[in-house]
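For the record, the sequence lines run as chains A and B. So for the first sequence, the working numbering puts the first residue at 1; every next one is plus one. So for the second sequence, the working numbering puts the first residue at 1; every next one is plus one.
Careful: at least some of the hints might be erroneous.
Straight-line C-alpha distance at most 30 Å; calculated DSS-like pairs for lysine-lysine [said to hold, decoys possible]: (1) B:Lys152 - A:Lys111; (2) A:Lys57 - B:Lys210; (3) A:Lys163 - B:Lys152; (4) A:Lys244 - B:Lys152; (5) A:Lys238 - B:Lys152; (6) A:Lys163 - B:Lys98; (7) B:Lys152 - A:Lys214; (8) B:Lys98 - A:Lys244; (9) A:Lys57 - B:Lys496; (10) A:Lys48 - B:Lys210; (11) A:Lys111 - B:Lys496; (12) B:Lys267 - A:Lys97; (13) A:Lys238 - B:Lys98; (14) B:Lys447 - A:Lys57.
What the hints contain is simulated information worked out from the structure, not anything from laboratory work.
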Amino acid sequence: MATPVLDKVEAESAASPYITVTFRIRRFNPEVSDEAQWQDFQIDIDPKERVLDGLHKIKWELDGSLTFRRSCAHGICGSDAMRINGRNRLACKTLIKDINPDKPITVEPIKGLTVQKDLIVDMEPFFQAYRDVMPFLVTSGNEPTRERLQSAEDRERFDDTTKCILCAACTSSCPVFWNDGQYFGPAAIVNAHRFIFDSRDEAAEQRLEILNDKDGVWRCRTTFNCTDACPRGIEVTKAIQEVKRALITRRF
Amino acid sequence: MKIHKYDTVIVGAGGAGMRAAIESTKRSRTAVLTKLYPTRSHTGAAQGGMAAALANVEEDNWEWHTFDTVKGGDYLVDQDAAEILAKEAIDAVLDLEKMGLPFNRTPDGTIDQRRFGGHSRNHGEAPVRRSCYAADRTGHMILQTLYQNCVKEGVEFFNEFYVLDQLITEVDGVKTSAGVVAYELATGEIHVFRAKSVIYASGGTGKFFKVTSNAHTLTGDGQAACYRRGLPLEDMEFFQFHPTGIWRMGILLTEGARGEGGILRNKDGERFMEKYAPVMKDLASRDVVSRSIYTEIREGRGCGPEGDHVYLDLTHLPPEQLDAKLPDITEFARTYLGIEPYTDPIPIQPTAHYAMGGIPTNVQGEVLADNTTVVPGLYAAGEVACVSVHGANRLGTNSLLDINVFGRRSGIAAAEYALRNDFVELPENPAAQVEAQVERLRASTGKERVAALRLELQECMDANVMVFRTEQTIKTAVEKIGELRERYLNVSVQDKGRRFNTDLLEAVELGNLLDLAEVMAVSALARKESRGGHYREDYPNRDDVNFMRHTMAYREVGDDGNESIRLDYKPVVQTRYQPMERKY
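Work the whole structure out from these sequences, hints included.
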């Protein structure tokens with residue numbers, strides 16, 4: 001069962017040379033200074049490790065004051081979205097070898113939300129926009145005794161947008177959101193989409209009216225930054241377009 | 001210091017905490033204190049499904065589910081609780097569907113179900129399709145659905161509040177919950193939450209192992225807070241090692257992969273589970289499969305240059321099936337191992353996964369101060385608790401079920417208790433202990449580093465109290481943990497600030513892990529038998545005469561200030577199932 005491909009992978013890992021990498025991290029702590037600044041750290045790391053492993057090495061071995069959020073460490077909890085080499089990613093899903101470790105790896109907080117300390121931003125406006133789109137199933141009439149029926153096709157219709165982990169990588173990659181914090185942002189629209197296209201839901205009209213607002217879905221300029229940023233591979237821009245179309249055709 | 005007043009305070013915003021919050025918010029003024037933002041909980045990492053005998057795709061009933069749960073737990077399960085779990089499972093799944101959970105569907109439009117380890121038709125005849133699922137993201141969907149419904153119900157959250165102490169007041173000689181003390185991450189401020197009822201739903205403690213599926217944040221904070229206040233911890237020696245963690249990383253690959261037809265193979269390509277579990281094969285219970293994997297490795301049939309893992313083989317399954325049913329775990333293999341599961345088998349090894357033990361409760365979620373006495377106003381649900389529905393080994397899909405059934409029950413019970421009772425007096429200087437703890441860590445100039453001690457602890461636990469244990473290895477662990485606890489007194493943090501001081505909180509969390517690791521090792525040393533997840537090579541058989549009983553561990557502080565652990569035992573509740581030899 002030991003296939004040639006796997007043996008090769010394992011032979012490489014057995015040799016596994018550590019490499020020296022520079023992390024260039026945007027530091028900010030208002031208890032110390034009002035100014036943010038870049039700080040370089042050099043660490044030895046296996047290139048197959050994650051950027052999160054590198055941040056942990058720095059925190060645990062070099063500078064305990066380096067501050068960031070993280071929990072699950074495998075791309076499910078959505079805690080560690082950050083700007084790595086200028087692109088929004090999850091630190092726990094980004095391997096060192098995939099981001100050119102020959103040059104310094106820059107790590108900054110995600111943009112468009114107030115930085116509170118180092119890589120930690122204020123998530124409250126992000127969650128407020130989410131709460132504003134009625135992100136829950138709305139139904140009327142008597143509850144059935146058993147489950148509501150839904151065909152596999154109807155279930156599939158909104159599958160992509162159920163994958164959202166609310167990490168804010170999409171919203172904080174959006175130029176419209178950077179310039180104007182009033183815009184709902186891609187993540188809120190994704191979560192509205194998840195219910196608008198759920199055959200069991202009865203509040204699509206209300207959600208569409210919310211998103212028809214001047215700070216709603218029409219602010220989207222289709223730059224696809226959000227789709228590129230999504231660590232779950234959600235076609236975010238497509239979902240936003242589908243919401244726009246539903247507003248025009250009132251079909252969903 | 002700030003003082004808040006709520007009817008009900010819930011500690012933790014994972015599945016159990018939010019399920020409880022949905023109930024208690026409807027009935028009482030509720031605050032949820034959570035060290036993470038609500039959707040960051042490790043409930044979201046659960047993959048394979050939630051068991052319920054819906055019988056949507058084949059014949060099934062809750063009595064079979066009860067039996068499987070009792071047998072899976074190697075008869076250490078309290079059978080009255082298991083019966084509630086299996087019976088209420090059906091409504092728990094239907095409730096989630098009505099809340100909006102996007103389950104996978106059958107061609108008829110009902111909730112689809114698939115096979116899972118240890119779940120069988122008619123008391124072990126053959127695997128049964130009992131797991132209700134949403135691809136391999138069932139935990140994610142449960143977490144999102146519960147948070148959505150918390151938004152709908154207007155649940156009040158205090159995000160990034162770390163609960164560090166449980167407040168107990170004696171009322172007429174009875175230990176009664178008075179509230180909790182919390183540390184606010186953003187500001188470093190200490191908050192006292194006075195509450196009529198408190199529900200712990202703060203999750204597990206798996207981060208004392210190195211190879212683990214657990215999040216960095218699973219550090220047993222709730223267990224430790226109660227234990228330090230003299231409350232017992234039940235069955236802490238029973239820890240589950242999930243058979244299929246990604247080799248060396250420990251990231252979970254769902255048992256649903258084997259439910260969909262995946263096969264475990266050794267270096268010779270042999271389907272070795274046929275030897276160990278002729279009927280259920282790869283779908284035997286997790287303790288059995290994990291031991292079988294390590295037996296293969298020890299006997300020289302492990303894979304790779306170091307022979308330290310085996311393969312999870314999905315290559316015979318159609319790519320469409322993997323894409324539809326197992327999209328996340330196949331992506332993990334691609335992301336973290338650079339392996340294409342369509343064509344290559346995935347290297348796996350058992351990974352520390354789930355604490356069967358925890359804060360003892362009855363079936364209403366009420367916390368016990370000893371074998372029988374309830375602590376009025378104190379509740380626990382989910383992995384932090386021990387009801388005990390999982391006994392010595394939890395079945396896959398029963399934890400997502402547990403958080404929903406007992407989260408709901410404790411939410412209702414706690415809110416109703418709050419409506420019937422008044423606030424009790426807070427103890428004098430309620431925040432004193434937490435303030436002293438935090439200030440000591442902040443001010444310490446000791447030479448010990450948190451990360452170094454934690455790593456030594458994790459390596460010690462992996463080496464000595466994992467899948468195989470002996471008196472010798474456990475004693476080694478007890479000794480090492482004792483040494484680490486001494487050294488912990490000289491731990492210092494580099495970040496001395498008040499704002500978002502995660503350095504400080506990692507030090508607090510390490511203290512919790514050390515306390516709980518010691519309880520685990522001491523409990524394991526005393527249990528001279530093998531049962532479920534606790535396997536003693538020096539006592540390889542189950543011993544129902546001496547050990548058909550729950551361990552209850554208490555922290556004792558002598559007059560000289562020295563701490564020790566006192567072990568006591570609690571009878572197992574048996575109703576309709578007599579212990580039998582466990583075969584799969």
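_Hints breached by this structure_ = none
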